[in-house]
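Visitor: One letter stands for each residue in the lines below.
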Amino acid sequence: MATETTEPFKIPETSVGFVETQTATLFAPPHPLETQGGSRLGPIQVAYETYGTLSPARDNVIFICHALTGDAHAAGYHDNSKSKKPGWWEDFVGPGKGLDTEKYFVVCANVLGGCMGTTGPGSINPETGEHYSLDFPVVTINDIVRVHHELLRSLGIEKVLAVVGGSLGGMQALEWAASFPNEVGAAIAIASSANVSAQSIAFNTVGRRAILADPQFLEGRFYGDQGPRYGLALARMLAHITYLSEASIEMKFGRRLQDTDKLTYNLLKETEFQIESYLHYQGRRFVERFDANSYLYLTKAMDYFNIHESYGSLANAWKESTARFLIASYDSDWLFTTSQSKEIVTALNETERHVSFIEFKSPYGHDSFLLECDQLASAVKPFLAQTYASIQQNRE
Amino acid sequence: MNTTVTHNDHDAKPSPEWKLNERRYCMPNTELAVTDDIIISHIEPCSRVIDLGCGDGRLLAKLRDQSDCSVMGIELEEKGVLETINNGVPVIQANLDLGIPEIPSGSFDWAVMTQTLQQVRHPKFALQEMIRIARRMIVAVPNFGFWKVRLQVVWQGRAPVTETLPYSWYNTPNLHLMSISDFRYLTVGQLNCRIVKEIPIINGAAVERAWASNLRAESVVYILESPQS
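Chain order of the listed sequences is A and B.
The numbering of the first sequence is this note's numbering, which starts it at 12 and goes up by one.
The numbering of the second sequence is this note's numbering, which starts it at 349 and goes up by one.
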C-alpha cells in the first residue's frame, strides 16, 4: 500500500491532471439491453472518464477499450485518491502522448460485467434489491461493445475517429469495427486476436476453477463476506505469469531468493524465491480491487469471443468496414501471438481493407502494450494523424 | 552526371545509411527518383499496387496521390514501417524470405520491388511470391554486368565497390550479384515470366533500347508479366 505523505502531491505536467469518473445510466426500462445470450438487462450504469476536448465537428473522439482487469481510469489522477497512482495507461494518454489529449477527445469506460463502476455481478439487481451475483447474465464482447456504443450515443457522439485497445481491449476494438462498420475511422488492436487460443481458454478455466473451488465462494453470494480471496489471488497469480515472458521473469527475478541468500529447506515457507514473493504480492493486491464474480464473467466473455463464428468468417466480419486498421503484436508475447495478429491481417487483406501491421520487439511479453508506451506511440501517433487528416479531407 | 568519382576504397566504411540500418536502398537518391518515375509512368491510374521492401513508402504515396492507386507496402525494418505509416500508406511488416502469406494470391495488379531483390536470401522465392500475388511486376536491381564492376573484378581481382554498390563484400546488404543476362535466365528461363520491357539506367538516366546494356547499365528496371496472365 502506498503511504500518504504530508507533502502536497504535484501532478506531472505531462498528465491530463485531475480527472473524475462519471456515470451514465443507460438501457433504462422499457429499453433493456438484449444480451447475446438472450437475457434482458437494464438499467445499466456505465462508469467512464474523458480527457481532452470534443471538437465542434465531433470528429476527434478516441475510445479506449480496457483489458480484462482494467477500468475507466486510463489517465490522470483522482482528486480524492489516497494513493497517488495515475490511470493505467498514463504513459500513453495525455498531452503530446500516443493518444494526444491536446488533439483528441479520449473516452474510456468500464466494461459491462466489470466491477469498477459499470453494472456487473456485484451490482444490485433492481428487481430483487440484492446483488446480481450469478443471476447476472453471461455477457459477450459484443454486449460490452454495444453498451459502450450506447454510452457514446448518449454523449452525442455518432462516429469515433478511433477505437483503441490491447488484449481484451483489442478484441473489443475489432468487434467495434465489425458491429459498426461505418462509425469507426480506425481500429487499433494491440496484442490481441480474433478469438482466443485453446491455451488461453485453458489458463482462464484454471483461474475460474480456483475461484469456484474456494470454500468462500458461496455460490457467488459472497458479498458482505470475505469472498473467495484465495481462489481469486491464485487465478491472478496464474494469469500474471502468462502476461510476462520467460526473459522478463529471468531479467527481473532470476533465481534470486527473497529474504535470505540460502535455501531454507522449509517446504511451507511461501515466498522463498523473489518470483514467489512477487506473485503473492500481485495476487494480494488484485483481491483488494477486483470482484471474483466479475473475473468469472469477463474471462468467459473472452473465451466466447470468436469473430470467425459470429460473422461466418474473419474476412466477412470487416468487409463493410470503412475503418483503417492497425494491428500490432509483440515478439515476446506468447499469450496473444504474432501469428494470431497476422491472421487478422490476412483476413483484412482478403477484402482489401486498409490495414497496417507491426510486430514490436520487446522483452515484456503480453504486458508490453502497457509498458512500452513510447514504442507504441511511434506507430499509433502517425497512424491516427493520417486517419484524422483523411477523414477531414473527405469531408471537405 | 557529375558523380564520376569512383569509390575504389575496398575497405570503404559502410555508408551511414547502412550502418544505421536506415535504408535498404543502396542507390543514390537521384537514381531513386529516376526509378520512381519509370515505375509511376508504367502503372495505370487506379491500379492496385504492392511494393515489396517499400522503405518509407515514398513511391506508394506518390502512386496514391498522383495516380489514384490503391496501395500497400511490405517492409522488414521497423523504421521503414513507421515512416510508411507516417505517409498514410498501409504497410505490413514482414520478412520476404519467409514469404507473404498475409497477401492473397492474385490480389494486386502490380507488384513492385526496387533495390530489394539482391538483398533477400532467396530471390527466386521472392519472385515466385510476386508472381503469385500480382499479374504484372516491376523489378529494379543493380546490374553486376556493369563495366566498372567487371573491371574491378578483372584488374584488381577484388569484389567490386561502386556508387551503386558502395559496400565492402563483408559488410553489404547485397547478398546476390546478378547481371542482366542472369536476371533474364531466372525470370524467363526458369520462372516463365515475360519481360515486357527492360529499362537500363545509364549514367543516372533511363535509356530505353540502349546498346550493350549489360555492360553499360549500372542498374535496370524490368517490367514483367506473370506466366498465368
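It should be emphasised that the hints constitute simulated quantities derived from the structure, not laboratory data.
Watch out, some of these pointers could steer you wrong.
Quick list of simulated restraints, FRET-style, between CB atoms [said to hold, decoys possible]: (1) A/D90 with B/C394: 49 to 57 angstroms; (2) B/Q538 with A/L249: 51 to 59 angstroms; (3) B/E425 with A/S208: 41 to 49 angstroms.
Keeping only pairs whose Cα atoms sit at most 27 angstroms apart, straight-line, the calculated DSS-like set for lysine-lysine is [what the hints assert, rightly or not]: (4) B/K427 with A/K353; (5) A/K353 with B/K545; (6) B/K410 with B/K427; (7) B/K410 with A/K392; (8) A/K392 with B/K427; (9) A/K114 with B/K427; (10) B/K427 with A/K372.
Ideal placement from N, C-alpha and C gives every residue a C-beta, glycine not left out.
Visitor: Hint compliance check: list the failing hint numbers for this structure, sorted ascending.
Guide: Checked against the structure, the hints that fail are numbers 3, 5, while the rest are satisfied.
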